[in-house]
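Asker: Each chain is listed here by its residues.
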Amino acid sequence: SPQVVWDTLGNRQFCSYKITTKTQNFCRNEYNLTGLCNRSSCPLANSQYATIREEKGRCYLYMKTIERAPFPRRLWERVLLSKNYEKALEEIDENLIYWPRFIRHKCKQRFTKITQYLIRIRKLTLKRQRKIVPLRRKIERRENRREEKALIAAQLDNAIEKELLERLKQDTYGDIYNFPIHAFDKALQQQEADSESESDAEGEEEDKEEEDKREFVEADDSDLSDFEDMDKLEASSEEEQEEEAEVEKKASHSKWKGKTPLKGPARRKRPYIEIEYEKETELATKTKAA
Amino acid sequence: AGNGGARERGEAGGPGPPPVPERVLFPPTFSVSEIKNKQRRHFMFVRWKQQQRREKLAAKKKRRKEREALGDKAPPKPVPKTIENQRVYDETTVDPNDEEVAFDEATDEFAPYFNRQTVPKILITTSDRPRGRTVRFCEQLATVIPNAHVYYRRGLALKRIIPQCVARDFTDLIVINEDRKIPNGLVLSHLPDGPTAHFRMSSVRLRKEIKRKGKEPTEHVPEVILNNFTTRLGHSIGRMLASLFPHDPQFIGRQVATFHNQRDYIFFRFHRYIFKSEKKVGIQELGPRFTLKLRSLQKGTFDSKFGEYEWIHKRRQMDTNRRKFHL
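First to last, the protein sequences are chains A and B.
Using the UniProt record's numbering, read the first sequence as starting at 1 and increasing by one per residue.
Using the UniProt record's numbering, read the second sequence as starting at 1 and increasing by one per residue.
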């Protein structure tokens, strides 16, 4: 009898559906109407019982009566409720007519709650759904490791500095940065691009020649004449303006001063070309004097 | 086998392993893995390893002596293999003189930007309910990219944001996705109907976490450096990233934003540079830094269901080879 069931399971001994917490006892039984563990809401301890359950969005009324107690397979009778809220309430009423007030009331309350959350589900599915993608630990670790190695291989600072210097050389910055040596570099590049290589080499040799000469003959006034000769010679070989050539030469002097120790093979070449040039300049000076 | 057997029996019983003899003779059919006893096997293996190391050292010394003996005539040093050296040749690598590529680029979605017809205007937003770190990162990103605006998401659907952005003349949309209070993804969408790139973002450093002494980035338009974008895909991503910044940098500001691609990871850095001489430049890092890894490239604007994907990272096929990169 239900009273005996309650005395053993509900009150005193162990019930596997019962969950105890500090303040309350809950019932995990799926046919439970309220979800609490009470004498009146235990589906095991009441021979006449009813619940509302929903499946795939449709609500059903489940009923249990004493007559079917010995037939567990046919114990719960299921009635599909209509989708219309008011009609469903009427159906509950007519199915549970002459049933205790408590069960009827609780059924209707439960039905209301269920319809409300079904409405909410339908509304949420229309909104954006956030897709949850699981992170795979091994893959995350692998990617982090590879990223670290790529960072080391990248040598970012060096790469950026190199790129910036390249851009400076390519003259993308225009006139903002005034490095005179750099200007010479540019002009030298242009010179090399325009003229033949021989005249270039000669030009370089000339410059060095002149510089050496100047070193020896510091207070000489023939410097100016030499310069003019240089201009003429250069103008004959290239199409550049005199100013540029002068700038270039001056810069070249300052540049070659630093660089002469490095020019091993060029140095070796110099003696035999020097002779040629000495002749030429001598001629020039001779002509001038004349 | 007898020789080896006698040796192992003799030594394993001693108080400690005796010193390794100069040349250990192993009979040709003997292998260390055949010894069943773990201790002895381990001992023989250690001995074998030491011998290998000694041989290698001797070979190295010999090679170095030869090299010194040859002096100038020595053959050039062999270049060590790096992953970049061994990279599998990608057939979509862009040749600078390729006409087809040039033609494509003249007619793709970024052409108006590169022809200076449009000025970039960026909208930066996050996923729902951003946490503090993401918010601060968005703000810093907005200072780094000129003409960028940050707006809170407030649960709006991207599909509805996009037409509004287009109406207000935005050219690009950046959505920073957040997970567990740190930003971990970036969706970059070129707006009037342009490609959408989805990146995985990692190692995000805010400005205060970077060890530098620089001040905040100013309002000047920075320069852009794009390194190592070699393939077609890399090229298009590079153009996409470049189109975030206005075309004419202000060199007075001396700021440079770098996107450096290395092994499919794009590193973003923001520096201020100064030329100390014509051969030396000093850089000082300001601004946030992060790394991106491309996950997918869609043809139209952001659409996860019906979008047409130009490229997706397929882990099983693309991650197997360590020398193959796609960007």
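Don't read these hints as lab results, they were simulated from the structure.
Everything numeric in this text was worked out from a predicted model, so none of it was measured.
From the three backbone atoms N, C-alpha and C, an ideal C-beta is built for every residue, glycine too.
Misleading hints may appear alongside valid ones.
Said to hold, decoys possible - Derived CB-CB ranges, DEER-like:
(1) A/I19 with B/L156: 38 to 44 Å
(2) A/E55 with B/E310: 29 to 35 Å
(3) B/H149 with A/E166: 29 to 35 Å
Asker: Checking each numbered hint in turn, tell me which of them this model violates, lowest number first.
Answerer: 2
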